[in-house]
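Each chain is listed here by its residues.
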Amino acid sequence: MNKTVNQKAWLFVIPVFVLVAFNAIIPLMTVVNYAFQETFGNNVFMWEGTRWFKQILLSDRFHAALGRQILFTLIILFIQIPLGIFIALTMPKEGIGVSVCLVLMSMPLLIPWNVVGAMWNIFALPDIGFLGHSLNALGFDYNFTQQSGDAWFTTVLMDVWHWTSLVVLLSYAGLRSIQPAYYQAAEIDGASRWSVFRHIELPKMKKVLTIAILLRFMDSFMIYTEPFVLTGGGPGNATAFLSIDLVKMALGQFDLGPAAAMSLIYFFIVLTVCWVFYNLMMKNEGQS
Amino acid sequence: MSLELRSVEKKVGQETHIYETNLKFEKNTINVLLGSTLAGKTTLMQIMAGLDKPTNGEIWFNEKNVTGVKVQKRNVSMVYQQFINYPNFNVYDNIASPLKITGVDSNEIKNRVGKVAELLKLSPMLNKRPNELSGGQQQRTALARALVKDSDLILLDEPLANLDFKLREELREELPKLFEDRDCIVVYATTEPSDALLIGGYTATLLEGKIVQHGKTLEVYNKPNSLQSAQVFSDPPMNIAKIKKEGDVCSLISDQLSWKVHSKLKDGEYKVGIRPHNITTYKEGSNSLEISGKVLISELSGSESLIHFTNGDLNWVSLSNGIHQKNVGEQTKLFMNSDEFLYFDETNKLVNNV
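Protein chains in written order, with my numbering: chain A, 1 to 288; chain B, 289 to 642.
So that you can see chain B by itself, here it is in the shape it has in the complex:
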């Protein structure tokens, strides 16, 4: 089983929503579509589902061309950002609705609804209507509806975006388990890099209607093929600075800071991408670099400290574990782990061999 987009393109009027896209999802995988709002995640999912037709290109499922085949014939389910349930059905009937339409017999329905309700912790509220449930329970009901039929393709369009923080955390941890041992392809759209890391599987980074990179989630994270992919997959945003390489020495253009590298890369200007958690108030790694700056904002959240500071003419973001109180305007010293630096050339491609 596989889902394949072949040269898919979507235009609405003069506007291009999805640029030519080739993508292949394999059997029994979870695939994250990671991108900001309006990157084209929803459009892409609707094309995959058959709710929308591509302007050009084809969709292949199980080695069969399914472009233009209606959604009802494709055995897909979808969960949305909004909690979509039938408002006048109770939870049981809501979960049973996709089965009833396809004419599954009533004992079988009872059996399957019971199982899926158990899985999603909905058993005590099978007789309640959606408007009597909390947001989290409403979304669980919607998830149950998607899981109850044995779909070949399950599409989740930012399913956690409308939930409050605690419920989101709770459901996010359960999600990957729900799809274990299921014979299907799961596609999960999100704007949150942390969702992608937690869910694992495969990730495709999207920017303005283009797939930037597609691969195993950790590989995409650790080895972004380009600056764009790294930016999409970094929250808080990645620090980017221009550098000059001369011989074995790299130096920031905006500051005197320099460090040694061993590389055959030719001399010239590059960009360095530094994830916020690689700039910390304490030393990490064997090649630690000191950077000084003026504190702009200092935010504490639970067990992490986010410090925004200026160095040269750039604004930097650092993320340290633990609570580190800094005063606004204060001169401070932080440490960068230069082992984790990502180098990009003038075309924003990753250059590995610095």
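Chain A extracted, bound-state conformation:
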């Protein structure tokens, strides 16, 4: 029997296509459009080829922002992932404590990002904020609005407070899904607590931890609102991470071409890192 070709089926794809076009393709293509052209008033465009890309890739300003961004993300991952796992391991496994801990852990995640920024700004103010005032009273010379080290310390602390819970919740879910028989088998073998963690819990948590690391990488690498409200990128450019620098370039200086090129490079970095990381982690995973 011959199958008849029916092109009408394509009609079913239209709703999805329209949706994706509006929320992804059109905005992205606008950026691509800006990235290769020079813009003047009255929508006059001139072709510039790869000039903006070269300019961005060679600029010290971009290198500095990228450096700050990578450092920030690494610090965040190195603190939040182990801390999250540790907290998940110490959380109660049954009883009323479970609900209490889960609710407490979810709280920071429910607070809007700009509110977190504002909260920490006030909390850390050296004269009236509880944290800032206490630190100074204890003899530390702390002022996050003026000293870049303090600004970094505060930004990292804020992010750890805000997002470690996510790692905790994911790890906790991973741990709870390990069947008790694994622990019994280890007990029968006489395995140490460390071996149980290293050879049972960690491998069993691999998938959720991969997701946790990916989410924390993406979020911290693209962080904007919280440091914008907390430090505004300052003092100087000390906490001007990629996104803050990008907004400065696009909306502050109105350099739409270079900003668009920078957006694409930024996007490309995030995409590549996620792809490479995910594939590395999921290699040899098979069907289990």
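Don't read these hints as lab results, they were simulated from the structure.
On a predicted model such as this, the values are computed, not experimentally measured, just so you know.
Please note that a few of the clues may not be correct.
Pair by pair, the computed Cβ-Cβ distance ranges are [as the list claims (entries may be wrong)]:
1. B/Lys358 x A/Met218: 39 to 49 Å
2. A/Ser99 x B/Lys582: 50 to 60 Å
3. B/Ser324 x A/Lys283: 36 to 46 Å
Below, computed lysine-lysine pairings styled on DSS-like, alpha-carbon distance capped at 25 Å [claimed, not checked]:
4. B/Lys416 x A/Lys93
5. B/Lys416 x A/Lys207
6. A/Lys206 x B/Lys416
7. A/Lys93 x B/Lys358
8. B/Lys416 x A/Lys204
9. B/Lys299 x A/Lys93
10. A/Lys204 x A/Lys93
Idealized CB from N, CA, C, for every residue including glycine.
Following the hints, complete the assembly by docking chain B onto the known chain A.
Relative to the frame of chain A, chain B by itself:
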């Protein structure tokens, strides 16, 4: 060598999981714990292993009280229903893991792992990780881990339950051979009466946290001490009917069917237990009884026919060899082998001398 539970009882909160239990397993025996889900098989095994403490009572091993001695000090191994292996170790390291922890030297480990892998047909996949193996191979790896150290007590908690039919059959046949010539006590928990019959050895039937009967597997099967034990040890479920005995004649209360017995048992009401394979579409034994009924369900499986039918107000199950097609709703005649009937009194105890 022997393992003995003395008045062991296990309570969790208000709930009793194991009622007072006395059980003795002898050296070099395979012991089947037979009971449905939640009968207390796993709890009992964990108490035997030392993974769990009894609320009351004592566990004696080799004439020594080991109640409260930690599992690591007891030289036991356990295999679970789930395939429990270290996920990031390959098969070799998995099998070697119990030896490495106890500090056996590396040549000795190599030797023993090689032998046990050969026995369980794992030699070609020693370098693979558990998630690259089939379910059957994963369970073989877990079995190898249990066999590699010379445990005094090997506990198998429904090890075949998660395997598909073919793999289960295959491994079930190998299991008893694996434990031959081993100086240990094997305890095997299962819900399947056929497992117990195939494995042989000794069987303890369990019902709702109580040991109903313990003895040689075939004896428990042929001479269940009570209706409960017979029910636990019968799959498909045993047919049970009330009967009246008057003189030399027994008759079903729900039907006119009656048959002759020679017995000094006093007259009265009893229950008769008839295993499904003793009701067949053909005559078997010298004292065959005819029973008629309406077919409810007729299932064919390979070389057996399972016919559910009603007679009186009871539902009956029959199991015949060969393929016998029956239509649902059809009136049919079947034959019961009355030599194999089991009679129970009003307290559900077996009465042998009917």
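Is the Cα-Cα distance between B/Lys416 and A/Lys93 25 Å or less? violated (33 Å)
Decide if the proposed pair is consistent with the structure: B/Lys416 and A/Lys204, CA atoms, cutoff 25 Å inclusive. Between B/Lys416 and A/Lys204 the Cα gap is close to 17 Å, so the pair holds against 25 Å.
Does the beta carbon distance between B/Lys358 and A/Met218 stay inside 39 to 49 Å, or does it fall outside? Given range 39 to 49 Å: holds, Cβ gap about 46 Å.
Is the straight-line distance between the alpha-carbon of A/Lys204 and that of A/Lys93 25 Å or less? holds (17 Å)
Taking 25 Å as the top limit, are the C-alpha atoms of A/Lys93 and B/Lys358 close enough? holds (22 Å)
Between A/Ser99 and B/Lys582, does the beta-carbon spacing fit 50 to 60 Å? Given range 50 to 60 Å: holds, Cβ gap about 55 Å.
So does B/Ser324 sit 36 to 46 Å from A/Lys283, Cβ to Cβ? holds (43 Å)
Does the structure keep B/Lys299 and A/Lys93 at a Cα separation of 25 Å or less? Between B/Lys299 and A/Lys93 the Cα gap is close to 21 Å, so the pair holds against 25 Å.
For B/Lys416 and A/Lys207, compute the direct alpha-carbon distance and say whether it is at most 25 Å. With Cα atoms ~20 Å apart, B/Lys416 and A/Lys207 stay inside 25 Å; holds.
Tell me if the straight-line CA distance from A/Lys206 to B/Lys416 falls inside 25 Å. holds (18 Å)
When the structure is compared with the earlier hints, a violation turns up for hint 4 alone.
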